[in-house]
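There are 2 protein chains.
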Amino acid sequence: MNAPMEHALGALALPQPYVLFLGDTTIAGFAKTALGLKDWAPEKCVGELRLPGATVTTGLEALTPSEAAARGARALVIGVANQGGVIPPHWRASLIEALEAGLDLIAGMHMRLSDIPELADAAERFGRRLIDVRVPPARIPVGTGRKRSGKRLLTVGTDCALGKKYTALALARALERRGVDVDFRATGQTGIMIAGGGIPMDAVVSDFEAGAAELLSPDAAEDHWDVIEGQGAITHPSYAAVSLGLLHGSQPDVFVVCHEPGRTEMLGTAGYPLTSVERIVELTIALGSRTNPAIRCGGFAFNTSALGAAEAAELMARESERLGLPVADPIRGGSAFDALVASCLA
Amino acid sequence: MNAPMEHALGALALPQPYVLFLGDTTIAGFAKTALGLKDWAPEKCVGELRLPGATVTTGLEALTPSEAAARGARALVIGVANQGGVIPPHWRASLIEALEAGLDLIAGMHMRLSDIPELADAAERFGRRLIDVRVPPARIPVGTGRKRSGKRLLTVGTDCALGKKYTALALARALERRGVDVDFRATGQTGIMIAGGGIPMDAVVSDFEAGAAELLSPDAAEDHWDVIEGQGAITHPSYAAVSLGLLHGSQPDVFVVCHEPGRTEMLGTAGYPLTSVERIVELTIALGSRTNPAIRCGGFAFNTSALGAAEAAELMARESERLGLPVADPIRGGSAFDALVASCLA
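As they're listed, the protein sequences go chains A and B.
Quick note, the first sequence lines up with residues 14 to 359 if you use our numbering.
Quick note, the second sequence lines up with residues 14 to 359 if you use our numbering.
Rather than coming from a laboratory, the hints here were simulated on the basis of the structure.
Be careful, since some hints might not be right.
As the list makes no split between identical chains, a pair holds if one copy fits it or if it spans any two.
Below, computed lysine to any residue pairings styled on SDA-like, alpha-carbon distance capped at 20 Å [to be verified]:
| no. | residue 1 | residue 2 |
| --- | --- | --- |
| 1 | Lys-51 | Leu-338 |
| 2 | Lys-160 | Thr-282 |
| 3 | Lys-45 | Arg-335 |
| 4 | Lys-160 | Ala-75 |
| 5 | Lys-160 | Gly-281 |
Note that the structure is predicted; figures quoted are calculated from it, not measured.
If we strip away everything but chain A, and leave its shape as in the complex, we get (with noise of 0.2 Å):
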């Protein structure tokens, strides 16, 4: 799992391990890449770089970029967002620092790591790259609908935001650790960071949507499983053109719906209602059967993160019963979960 992707998509197969860098950072909110890569590829972190000020911490070893690179780091990834999604002045010297280490530098900002001239200026003294990793493939071609060999699953959501990655990280785990030939395929920039490569499918041209979702997940053995990241929704007013894309080049023939109790609105919309999960899954298997006419349900993810565990519990058992398949959170795992592994493969 997690291996570098093949040739096709070398433009994203990222140098690895990673010093995760945190800047001067006091909300963990903001460090949600550099959380995530410790959680789900602590093997592939060296340590952190974190800056005077900064109390967000990853718990891993503080390192300099020169010990980093000692300790056998070839890229330094800024593990953080601030508002606006820019590299302030005062991070440059730390990243600089980096690059002159031997480190490359892996972003995901909105600004571009090659955009600042500092930033490109030593890149290029050095002979170290600047990889975006929001910056998709060249070269993309358009989708043809041809049937892939392999199984591919996708997790789909009633919104953005609420847990797709995840679910599809602790989906991927739970198949390897059944012994399961299986890869995660990332969409998005902290998935891709985790993963070593990807496509970010929301900076992808639109005509090649469904391209870039082919390109993603290619032919495999017939009992290999990927396991893809999801993107938006495909009643998202904003972002359904990338779901629906993602979804008719994954051609899954298994999705799990993300959903998260509770919330009532989309993000980011003038008050749109959130969609139910039982209508995600009809227009799911309404347009995912176009290219893969096997497509099924295998069950419901919950974000239960807002609900107490007995809460939790009790609501997941009362929808499984009435959704007639498994529902459960995968942060929460348990038998619960096991169950949605399960119907996956069934």
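Given chain A, put chain B in place with the hints provided.
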């Protein structure tokens, strides 16, 4: 109708009138853009420019670049494609002559005008612009789903390349003739040249696809209609992302399904059967009702160019009976088309 787009879309407001460049084309199919401009915007075309060897003509007067400029032309439109979408070297002298005569160049080919150093140099030397209509405007916002004022009609289809642009143009013209305040909103290169503005929806990054469609048909008077050129098909395994983003962002009150009877497979795919018109109606309502709960099908536009007049009329009458809505061929016009227009406005 077809006034230059408002300032929000200034990046794609085109200088007009045009002189139409046909190169040395001998195949009418390659001159679709020039022929479309001559058919739909003759008042914007002062003449044509052909090279020795050309056998295709728009029927407009042959002019040199300076003659065209003297007649008021502000731009030369490359109205012809060739295999591969490139601009062959032997066209370049004429294009440079046009720049020298004071004309901007407009093209919509895969190869960008500005990537040809001779043209880029000449444009700078003569102070002229190279305008690629396949390049979307910068800074397209993410869609919000906010309901906009005014009425909207979107042409959708059972496949690509079967008359969505033609149908939208014909409907816009018919509405105009009935005294309706109407704008044709172009989403592809030929449509953009005809309208003098628009957004090439297939070239927009997928995260911004719905936002681009929102930008394309802004708030308007309550009795104003935007007639929006559709793209792709919601069940096309390559292009559905474009179609869904355009559908959500257009929030149409009415849609017309464009179809070519006799076509059995989707263009460019691995043998995908064409979706039925009824299924397209179902899916368009299921998905489009997200941003406009009042969405309805106004009827069907059939491309019957492969049929004789009697056969076409009989087929359309039968299908209209079966579907319970008007079916017309916009090219044939007649009372069936009047019925379609009336149904859209009903």
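How the hints compare with the structure:
no. : hint              : verdict
1   : Lys-51 / Leu-338  : neither (32 Å within a copy, 59 Å between copies)
2   : Lys-160 / Thr-282 : between (35 Å within a copy, 11 Å between copies)
3   : Lys-45 / Arg-335  : neither (34 Å within a copy, 56 Å between copies)
4   : Lys-160 / Ala-75  : neither (47 Å within a copy, 51 Å between copies)
5   : Lys-160 / Gly-281 : between (35 Å within a copy, 14 Å between copies)
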